[in-house]
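Chemist: Using the sequences and the hints given, assemble the complete structure.
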Amino acid sequence: MRRNTTLATIALTALTLTGAAALPAQAAGHPAPAPAAVSAPSSPATSSPATSSPAASGPDAAAAADKNVTVNVSMDQLGRGQAIADALRSIKTDNRGTFVQEAVDKAFKAAGSRHNVMLFNLSQNYNDQFQGTRLYANVQWGSIHYGLWIFESGQFTNQGDGGWINWGFTGWYERNGGHVKFNRSW
1 MRRNTTLATI ALTALTLTGA AALPAQAAGH PAPAPAAVSA PSSPATSSPA TSSPAASGPD
61 AAAAADKNVT VNVSMDQLGR GQAIADALRS IKTDNRGTFV QEAVDKAFKA AGSRHNVMLF
121 NLSQNYNDQF QGTRLYANVQ WGSIHYGLWI FESGQFTNQG DGGWINWGFT GWYERNGGHV
181 KFNRSW
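Every letter in the sequence shown is one number past the one before it in our numbering, and letter 176, counting from 1, is 176.
Among the clues, some could well be false.
[Unchecked claim] Simulated pairs of lysine-lysine, DSS-like, Cα-Cα distance not exceeding 27 angstroms:
1) K109 to K181
2) K181 to K106
3) K109 to K92
4) K92 to K106
Since the hints were derived computationally from the structure, they do not count as laboratory data.
Modeler: The following block contains the structure:
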């Protein structure tokens, strides 16, 4: 399922007119929506979330200048978009890695703990092949734009930098480096 080009154009135009950072062109062509332990992207199959140390300078400091979380749900077949957006907006942290971990966990729980969840920094290159996408949202933490997919199954390849600051996922999956194969929970 692919996001309507008109919707993507409207969203990018709105971002441009408001002076906000534009999403990468790749994001415009990707779906407008995506158990049981949070995966630490920097190490294979672990249920203990990895943590990043708070940064006083660099990308985290710039993104944390505005600690508010903005969520724009553009596809919601679960009927839980508002609950998921509210859960993500409640996250208060100056640390990108912590934000990603909490966002994945809160989205998973708010979606009913039944679907796979992927949160990915849209400034990185990736390839997604999700089936049964139930929700997609653009999530902004500071100046960083993430895509949030809640979905049934599929594959995702991170072609950029890994680590908690750029991606997090949970669900029923098999991971091989930057490639993750997700299975249905039922």
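Chemist: Starting from K109, check that the Cα of K181 is at most 27 angstroms away, please.
Modeler: This hinted pair holds, its Cα atoms lying about 21 angstroms apart.
Chemist: If you draw a straight line from the CA of K109 to the CA of K92, is it 27 angstroms or shorter?
Modeler: holds (18 angstroms)
Chemist: When you check the alpha-carbon spacing of K181 and K106, does it fall within 27 angstroms?
Modeler: Holds, at about 21 angstroms.
Chemist: For K92 and K106, compute the direct alpha-carbon distance and say whether it is at most 27 angstroms.
Modeler: OK: K92 and K106 at ~13 angstroms, within 27 angstroms.
In summary, this structure violates none of the numbered hints.
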